[in-house]
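Asker: Work out the full structure, taking the sequences as your base and the hints as a guide.
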Amino acid sequence: MRSILPLVALCLGCAAPRSTPLAASFTGTKPAVVASSPAKIAAASSPVDPVEEARAVHALSRFAFGPRPSDVERVAKMGVDAWLRTQLAPGTDPAVDAKVARLRATKLSTKELLGAYPKGKGGDGTPADLERELATAKVVRAVESERQLEEVLVDFWFNHFNVDAKKGAVKWLVAPYEREAIRAHVFGKFRDLLGATAKHPAMLFYLDNWRSAASSGKPKGKKPSGLNENYARELLELHTLGVDGGYTQDDVKEVARAFTGWTIDKPKEVGAFVFRPGMHEAGAKKVLGKTIDVGGIGDGEAVLDLVATHAATAHHLSLALARRFVSDDPPSALVDQVAKVFLTSNGDLRKTYEALFFAPEAWSDAAKKSKVKDPFETVVSSIRAVGGTFAFGEAGNKKGLAGPVEPLLRTLEGLGEPIYHCAPPTGFPERATAWVGTGALVSRIRFAVALSEDRFRVGGAGVVWDPHAVVPDGKDPLVDRVARALLHAPLAPATRTAIQKELDAMPDEPDEDSQRRRLTRAIGLVLGSPDFQRQ
Amino acid sequence: MQRRSFLASLGLVAPALLLPRLALSGAAKKKTLVVILQRGAVDGLSMVPPVGEKTYFDLRPTIAVDKKQSKPLDGPFALHPSLAGLLPLWANKSLAIVHAVGSPDPTRSHFDAQDYLETGTPGTKSTDDGWLARALAGKKDKGSLRAVALSPTLPRILRGDKDAVAFAALDSFAVAGKGAGTFESMYDGALDEALRGAGKEAFAAMHSLEAAKVGSIAPANGAKYPDGPLGKRLRQIAQLIRGEVGAEVAVTDCGGWDTHVNQKPQLDKRLSELGDALAAFATDLGNRMADVCVVTATEFGRTVKENGSAGTDHGHGSVMLVMGGGVRGKRVLGSWKGLGDLHEGRDLPVTTDHRAVFSEILKVHPAHGSERGVRRLHGAQGSPSVREPAWHPTSRSRGRSRSRDTASPARA
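As given, the protein sequences belong to chains A and B, one line each in that order. First residue of the first sequence: 1, per our numbering; consecutive thereafter. First residue of the second sequence: 536, per our numbering; consecutive thereafter.
Don't read these hints as lab results, they were simulated from the structure. A virtual CB, placed ideally from N, CA and C, is assigned to each residue, including glycine.
Straight-line C-alpha distance at most 27 Å; calculated BS3-like pairs for lysine-lysine: (1) K735/B / K501/A; (2) K286/A / K253/A; (3) K266/A / K799/B; (4) K660/B / K286/A; (5) K167/A / K399/A; (6) K368/A / K697/B; (7) K840/B / K167/A; (8) K369/A / K501/A; (9) K799/B / K166/A; (10) K111/A / K121/A; (11) K340/A / K290/A; (12) K253/A / K660/B; (13) K253/A / K840/B; (14) K799/B / K121/A; (15) K735/B / K369/A; (16) K767/B / K167/A; (17) K266/A / K840/B; (18) K799/B / K268/A.
DEER-style ranges, computed between Cβ atoms: (19) E745/B / K266/A: 52 to 58 Å; (20) E588/B / A128/A: 39 to 45 Å; (21) A704/B / A505/A: 26 to 32 Å; (22) N346/A / D663/B: 33 to 39 Å.
Sample of chain A residues with no beta-carbon within 12 Å of chain B, all distances over it, derived: (23) H58; (24) E406; (25) E509.
Answerer: So, in C-alpha cells, the structure goes:
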C-alpha cells in the first residue's frame, strides 16, 4: 500500500510538465482549460473516466485529425468540453508555425511567389517545388498543429470554396488564398469569409470572373469578352444558397452582371484584386426578387450581403457542417437548429460551430464511428496514431526541403485526394460513398503497410516515428496492445482473429529484430483494418 | 429526315450479323465496351474541324486548324493533324465520328454537365447512380472484373453498381506478402457493410488478375502506347481484355481539354496523346478488337468563335468517336446545320443527344445491353436518336449488306 502513494505523486508530477507547454500555447479568449474547477483537477489524479475517455476518442476523431499517442488521456483528464472550447478559441502554436515557415512558399505573397517559382527559368525553384512545399505545409499542420480544429476547419472551408492549383495562375495564388481568405476567417463571420473568397484572385481566376465583363466594355488590351457566369453560378449553387436554394437562371445572369469588373491585376505578374469600372456593367440588377442598384463595386458587395445571411444559405452551410462533423446524413432537426443559430447570430461561425459541436446529436451513438475517413483523414490520422512527425531534407537537394515528403503526397494522389488539386468547384466529396471502393481500399491497405514498414522515411527525413514509443510493453497480447494504442478501442472480433492468426504464424524469438517485426506487422494490420477506416 | 433504327443510323451492326454465332457464345471472350470521358469539355471543332466551311476560319482567325495539315474525312470535315494516328482506323471503317453531339441540357458548368453525362439524366441532379451502372443492373452474370474503372475512385457513370471495381493502376492494385490473406479475412468479417462489400470485390478482383497474370501481358503487334496517363490506362484496359478476365465495361478518363487560353499548342499535344493511345490500343488488341467498342464523350463543346485569349469558352455541341468491331465507320454522323446557325448565337448546336449514341451501343454492344438499361439511360425523356448525315451519299440507300466488309476493323 505504501508504494502506491509515491507512484500517484510521481504521476501528478509527470502530468504537469506535459500539459504546461500546451496550456502556455493556448492563450485564447477563453482560458477555461487551466482555470477549471478544483473538482476537475482532483479528477485528473484518479484513473481516467472511461466515459470521458470514449468522448475524447470521438472528439479527437471529429474535431481533430485523430488522436496522437497521449492525446486521449490528456483530453479526457482535461475534460472534453474544456478541450473543445480551447480548440474553438485557439492560441498560437509557435512550434508548428516555425516548422512550416521553413517552407518558404508558405510565407510569400503572390508577386513574390511568381518571382521565386516562375514557370520559366530564373527563379530559385520551379512551380513543382512550389506545389510540393504547399502540400507539405498542409500535411505538416494537419499532423502536428495543436490547433487541430482550426486545421479541420481550414480543410473544410477550403473545400467549400475550392480552387484548383492546376488551373493556370492558381498555383501562385493558392497559398495566399488559404492564408488570407480562408484561415483568417474560419472563426469569424461568414460574410467576411465569403467576401474574402469572392475578392481573392485565386477564386477570380479559378471561376473565371476576372474575365467577365459587360458586353460593351473593353478591358484593357483585350477584346470584349462579355459575361462569364461561372463564378455567379457557383456562388449561388455551392458557396451560399445551395442547389435547391430557390434561384433561377436569371438570378445567375444578374449576379454575373453585378460582379463584372471584379478582376485581377496581371494574374501572372502582380496577381492582386482590382475593380475595373470599365468592365462593369452599369444599371440595376434584380437578384432573388430584390433590386440592386448601388453601382460599381457595390453591386457585387450587395449581392454578397444578400446571400450571406439568406435562410437557404444557413441551411446549406449547416447541412455541410453537420455532414462533416456529425454524420453523412445528419438529423434534419439538428441541421435546422444550427441554421437558426447561424441566422440569429448573423452568420457568426464560432457560434454556429458551438451550436453544432455541443448538440447531443453530435455525441450520439449514431454519430460515433459513423463516418468513413476520406484519404486525407486516413493518411493524417495514421501518422498521428503512430506519433509521427515530419523532418525535412537538405535545402540544397534537388527537390529541396519538402522532397522527402513527396512519396506521401503521391500516396494521397493515388488515394484520390491530391492536395490543392481538386478540379471541380464542388471540392472533394464528403460522403463515404465516394471513398469506399475497391481500388481505394487496396490503396489504404498498401499505405498502412508502407507506413508501418517506415517507408515514408527517406534517410533521416520524411515521416519519423518509433514503434516502441507508440505501443507500450506489457503482458497483454500484442494485438490488444496495438489496438489500444492506435484505436483506443477493442478490435472487431474478425479483425482481432485475423491479426492474431498472422502473428501466431510469425517467428516469436526474444531478439529485438523478431519482436520489432511482429510489432510493426501488427501496426500495419491495425492501420489497414476496417476498424481504422471509420471515425 | 425520318428517325431510323438506332442500329443502322449510327452505323453499328448487330454482332450476330457480323460473326458466326459460335464465336458469340464462345467461352472466354466477352464483348467489351470502353468509355473514355474527356473531362473539361473538348473542342469538337478542333478534333474534327469543318474545314469545308469558310465561317469556321472567319470565326477563328488564330486558332482554326490548318486546312492543309488537316486530314480530309467526310462531308466538310477533316481530322486534326494530331489525330493522324486514327486514320488507318478511319480507312478500314472501324472508326465513326458523331458531330454536333452533346447533352440536351444547356448548362455550361463542367461538373453539372459531367454529372449529367454520367447519370444520363440531364437537368436532374438528384440521380445518384450512373447510367452504365443501371444498364448493367439487369445482368445476372457478375464476374469480379465485369465493370472496371481505371481511376482512383469509382466514376459517377458506374456508381450504383456494387460489383464495379476501380483502381488507378494494375500494378498498385495488389496487396503484397503474407498480409494479403489477413486483410482479406478482416474485411470479409467487417461489421461495416460497405467496407465488407468493397473488400470482397477488391480481393476477388485481385485473385482474378493474379490468376490471369494480367500484369505481365505485353503490348502485342508492335503497339506503342504514348507516354502520359491515357496511354497507360488504355494499355491496362487492353491487358484486361486480352487477359480474358471477363471485363465487359471499362471506363477511364483524360483531362486537359478546358482550353480557355492559348488553345492550339495545348490541343496539339493532348490530341496526339488521345489519337496515338487509341491507335495503339486498336493495334494491341488486333483481331480481338472485333468484340470491343470504344466511345469517347465530353461534357460539352466550346464556343465557335475564339475568345480574346486565343482560346475558347464553354459551349454546347462537341464530338464523339466510336471505334471498334461492329462499327460501320468511315462516316461523320449527325445532323449538321453549318456554323451560320448557332446555339444562343455562339455555340455549336447539339443535334444529337449523346445518350442516343450510348443507347445504340448498349443495344448491341456489349452483349449485356438490356432493354431496361437502355430505357433507364433516358429516364422519362424518351429515346433520342442519332441522325443520318445529310451530306452522306449513301445515307438513303445503305443496306445491311454493306456492313459485312466492315466487320473486322483490325484486319488492316
